[in-house]
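There are 2 protein chains.
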Amino acid sequence: MTATLPSHEVAAGVTTWLSAFGDALSAGDTAAAAALFTEDCFWRDLVAFTWNIKTLEGRAAISAMLDETLPWVQPRGWKITHGEEPAGAGGVVEAWIDFETAAGRGHGHLRLRDGRCWTLLTTLDELKGHEERRGPNRPKGVERRANPARTTWLEDREQEASELGITEQPYVVIIGGGQAGIGLGARLRQLRVPTIIIDKRSRPGDQWRSRYKSLCLHDPVWYDHMPYLKFPDNWPVFSPKDKIADWLESYTKIMELNYWPDTEATSAAYDEEAGQWAVQVERDGELLVLRPAQLVLATGMSGRPSLPAFPGMDTFRGDQHHSSAHPGPGRYRGKRCVVIGSNNSAFDICGALWENGADVTMVQRSSTHIVRSATLMDIGLGALYSEEAVASGMTTDKADMVFASIPYRIMHHFQIPLYEQMRERDQEFYDRLEAAGFEHDWGDDGSGLFMKYLRRGSGYYIDVGAADLVANGDVALARGQVDRLAEDAVVLEDGTKLPADLVVYATGYQSMNGWAAELISQEVADKVGKCWGLGSDTTKDPGPWEGEQRNMWKPTQQQALWFHGGNLHQSRHYSLYLALQLKARQAGLPTPVYGLQEVHHLR
Amino acid sequence: MTATLPSHEVAAGVTTWLSAFGDALSAGDTAAAAALFTEDCFWRDLVAFTWNIKTLEGRAAISAMLDETLPWVQPRGWKITHGEEPAGAGGVVEAWIDFETAAGRGHGHLRLRDGRCWTLLTTLDELKGHEERRGPNRPKGVERRANPARTTWLEDREQEASELGITEQPYVVIIGGGQAGIGLGARLRQLRVPTIIIDKRSRPGDQWRSRYKSLCLHDPVWYDHMPYLKFPDNWPVFSPKDKIADWLESYTKIMELNYWPDTEATSAAYDEEAGQWAVQVERDGELLVLRPAQLVLATGMSGRPSLPAFPGMDTFRGDQHHSSAHPGPGRYRGKRCVVIGSNNSAFDICGALWENGADVTMVQRSSTHIVRSATLMDIGLGALYSEEAVASGMTTDKADMVFASIPYRIMHHFQIPLYEQMRERDQEFYDRLEAAGFEHDWGDDGSGLFMKYLRRGSGYYIDVGAADLVANGDVALARGQVDRLAEDAVVLEDGTKLPADLVVYATGYQSMNGWAAELISQEVADKVGKCWGLGSDTTKDPGPWEGEQRNMWKPTQQQALWFHGGNLHQSRHYSLYLALQLKARQAGLPTPVYGLQEVHHLR
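Chains A and B supply the protein sequences, listed in that same order.
Note that the working numbering numbers the first sequence so that position 528 is 528, with each residue one more than the last.
Note that the working numbering numbers the second sequence so that position 337 is 1337, with each residue one more than the last.
The set of hints was computed from the structure by calculation and includes no laboratory data.
On a predicted model such as this, the values are computed, not experimentally measured, just so you know.
Just so you know, not all the hints are guaranteed correct.
List time: in silico SDA-like cross-link candidates among lysine to any residue, alpha-carbon distance up to 20 Å [what the hints assert, rightly or not]:
{"hint": "1", "chain 1": "B", "residue 1": "Lys1079", "chain 2": "B", "residue 2": "Gly1141"}
{"hint": "2", "chain 1": "A", "residue 1": "Lys140", "chain 2": "B", "residue 2": "Asp1233"}
{"hint": "3", "chain 1": "B", "residue 1": "Lys1140", "chain 2": "A", "residue 2": "Ile379"}
{"hint": "4", "chain 1": "A", "residue 1": "Lys253", "chain 2": "B", "residue 2": "Ser1202"}
{"hint": "5", "chain 1": "B", "residue 1": "Lys1140", "chain 2": "A", "residue 2": "Ala383"}
{"hint": "6", "chain 1": "B", "residue 1": "Lys1335", "chain 2": "A", "residue 2": "Ala149"}
{"hint": "7", "chain 1": "A", "residue 1": "Lys230", "chain 2": "B", "residue 2": "Ser1202"}
{"hint": "8", "chain 1": "B", "residue 1": "Lys1527", "chain 2": "B", "residue 2": "Leu1596"}
{"hint": "9", "chain 1": "B", "residue 1": "Lys1335", "chain 2": "A", "residue 2": "Ala11"}
{"hint": "10", "chain 1": "A", "residue 1": "Lys230", "chain 2": "B", "residue 2": "Ser1007"}
{"hint": "11", "chain 1": "A", "residue 1": "Lys497", "chain 2": "A", "residue 2": "Thr315"}
{"hint": "12", "chain 1": "A", "residue 1": "Lys140", "chain 2": "B", "residue 2": "Ala1383"}
{"hint": "13", "chain 1": "A", "residue 1": "Lys253", "chain 2": "B", "residue 2": "Ser1007"}
{"hint": "14", "chain 1": "A", "residue 1": "Lys128", "chain 2": "A", "residue 2": "Ala89"}
{"hint": "15", "chain 1": "B", "residue 1": "Lys1140", "chain 2": "A", "residue 2": "Gly465"}
{"hint": "16", "chain 1": "B", "residue 1": "Lys1335", "chain 2": "A", "residue 2": "Ala146"}
{"hint": "17", "chain 1": "A", "residue 1": "Lys140", "chain 2": "B", "residue 2": "Lys1253"}
{"hint": "18", "chain 1": "A", "residue 1": "Lys253", "chain 2": "B", "residue 2": "Pro1236"}
{"hint": "19", "chain 1": "B", "residue 1": "Lys1253", "chain 2": "A", "residue 2": "Ala146"}
{"hint": "20", "chain 1": "B", "residue 1": "Lys1335", "chain 2": "A", "residue 2": "Ala383"}
Beyond 10 Å from chain A on every Cβ pair, some chain B residues (computed) [said to hold, decoys possible]:
{"hint": "21", "residue": "His1107"}
{"hint": "22", "residue": "Pro1136"}
{"hint": "23", "residue": "Gly1141"}
{"hint": "24", "residue": "Gln1169"}
{"hint": "25", "residue": "Ser1214"}
{"hint": "26", "residue": "Gly1300"}
{"hint": "27", "residue": "Ala1391"}
{"hint": "28", "residue": "Lys1398"}
{"hint": "29", "residue": "Phe1403"}
{"hint": "30", "residue": "Glu1424"}
{"hint": "31", "residue": "Asp1441"}
{"hint": "32", "residue": "Gln1558"}
{"hint": "33", "residue": "Asn1567"}
Glycine included, each C-beta is placed from N, C-alpha and C at the ideal position.
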């Protein structure tokens, strides 16, 4: 098929394929179903078939999955999504599809090549009998008859707040009340899963308020919507941190979440017999035990500071802190500041320090990838998340699904050409950076920022101006490893001495299973293994190949323990699948997990 | 033209008319322009031509208006709105249109009959050079270059809060921070008009929180959206009062309004020379004077209680209060409660008292119109404000415009058939009510609830169950006028004695110009005259005919004094036109008001 086929023929090709596929599945003929795929095929399933987040690669993997799952999934009703016309271009036909299973309703995306399926995405949207109360199904809010037993909305809310976690146990406890935790909390509330979100800070949004004052989101507004409630169209493209903080605080209230501020979890243990966690928490100074069936760690993929241990740190006389604890530049005017690191936080902090009249040196220890913000928006995100995308009918939900439809194994092929365009557009900028001695890269295979993010969660800066300060020397650049701290300086391995009143360790974050070590035990942390990364065998993402991000939003080796997080896009989209997994368990539905990941790395 | 015309002919007819109309206007030929209208024509203008809210009735009124306004309005560019196909049915062709003027851009709606214009709606959308920063024009939120003079969003907000009203004077002061005041405040902020909203209560939303506990909005969610930020699709159809209160509180924060809680205006005077108000306020106990150029009273069309003066009220030994001060039924279990009145508040309060085990009597003093909530939703609002309307592509903005396109003079013709349908659907219900002795009506001309609302703002109940309590005798019904209060009873003119531990005066509200009397002077209140009502010469809406609601959202006889309010739909829609009027004055644009209303009634 080519782009020149008339649209009814394109649609007919899709219908033919769906029909053959549906027939093979109904007949339980997994070999016939697999034969409908290309040799180099991918089937990505988000919870619909596998009760897992899983990409099957190749026909054999697909038929093996079907052999195991078909009997209970019972998929049927495969059809083109109403109102979405399949389109063909470059020999690939793309279509949006709907289907259902015994347990629920789903939709997905299909790419056909020569009449066979190259990529298939299947996602679960809702569980039958547990649909969300939205749109036509929304609550009435008032009972249209006199009723002496009537309680008001406020009374109901107050009763719930006084009982949940005290006399009634929640089904889920989410530790961490940032955007990930409250987005998931909103979904669980919609699904009527009793949930408590705990956070050690005093107000929702304090996770952002407490950061350095110049911080703004690096992703644009279209990428950052929360579930259910979109930012209004007067929202800035890049949210200032205090504005997004206020939004999250309002969101928590509007979504009627059971959010416990000033609450810290001190330990947690799972009782296999009882199928229940015992989570010790200190709430406003009071100790109590929560006993949820499920525990979600939403404490941040960039939440556990990775602090280096340089000799001399204990005797350094100036200020020193991890980037996450940096208070902002206010007190450092005229001071000598050394920032160790050359990724996002390092650049943001260097820029703000320079703006406030500090004498700033950045220490680059390894190569960094930089993309200018405007360029990234135009070339990297423009088609899916931009004002133009909105104008052309691209909704956030659809953009999320398009993104999800691309298998991780081949995603870099889609990314490389975009970064080649970016390089071309900003060649002069990169030339200046390199002339200044900055070590710049485009990722191991030239696939750029987003692949770095998915593989290692580090190694890049989205430039909003600070790169120019390095290029033009306003921020001094030192390259090399740190040997030690003197009482008043950072000393590099080559002997360079960088006098310092302040040292900022912009040295990144540890894997999220470290949270499990802290809260539960090292044993459980090792049992679930490293979080994040694809096993791409590129820098800081060791193999073997996983096909999906480790441990995120899906079952782990520790029963009833889940990890949730990522950027706003991921938190928004994957919170749906995590919420459905939790709801299914609460509702007592069978949830046999296909292909539970093995553990290859501990951190 | 009929419904059977092909769509391109329908469109051609509209284009032909627009072209002739545009030519006549460009040539300044007001007679030719007027001749393009039918004999029984209407032109409703919202600020675009008249800097007023004005309906011109008949050709002579239209040409007179054009004679005066054309020279400075300079309208042009009349065309069918892109993507909106004109439609014909029943001999009437309807079309959405765009145009511009010297000052701004507008859109509107057209109804043609036999090639002539029967109804024209023109509205101003935005002022050139003062467009809102939304969508493609939204703020960036971050500056993409290092800048030592950078201030953060939070610093800017804090600076504004510390200066506005203290060292910097706002251009507008809005008194009253309910949904009307904050909706207007949001629009003014978008238009960069420095504004302070003051309210005597402690938190935005307290206007709702302080009402009786069973209160829910009687209008459905699709009717109730605020500007810019829509309710999410999990929002209940009828908002419970505390939930809408929380929403308004979040809204105030999200829209970055300068909202002064715990602030009461004690007096205001206009200095003609200085073109400035002196508004005395007490803020958190501190006295200060605000000096805005414009003063908006948004204190509620149902804000000033109308309390009767019955003999014996001073010696009645039980509780007595106006419905607006009713605390809810909690303390009246087993008590004898008499509610005087038979409209919305009376029914709501009777129902809640009965549900809480009180012995309740309603005193009906005059005929009331009742419509069941579900019926009103289905038949009265369904086409414009419902889940079905949303599904069929009817946006809130469009629904507002459709509603605005119907001239008040003939609106009852559109309403009467709807209420006939409602009567038919619920005949059994009305039979039961009447059998119980309840005096029911459908408005003077059978046009039902919404016309009663527009004409007199009273005289009806949207039934959510309490009418059945009256029909079946659970709530006792007494009819007649109140003669006096005894120490322990309400005594009617016919001698009936209704023993009472509680008397609730559900006796309605006074005209909004009473606020001006309280705050400014009786002289100014009389100068501007009665607010609300159309002059329809029906019960409680004395003539002469006004064509628009008196004094609402438009210039009054008192320079720089404005009234804003109405239900959520009106507050949302008309806040745009009021905001544009205020912005134009702030920007120093000429704003000659055509056809300023005369005053015929003082209250």
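**Violated hints - listed by number, lowest first** = Hints 1, 7, 9, 10, 13, 14, 17, 19, 20, 22, 23, 25 and 27 not satisfied by this model.
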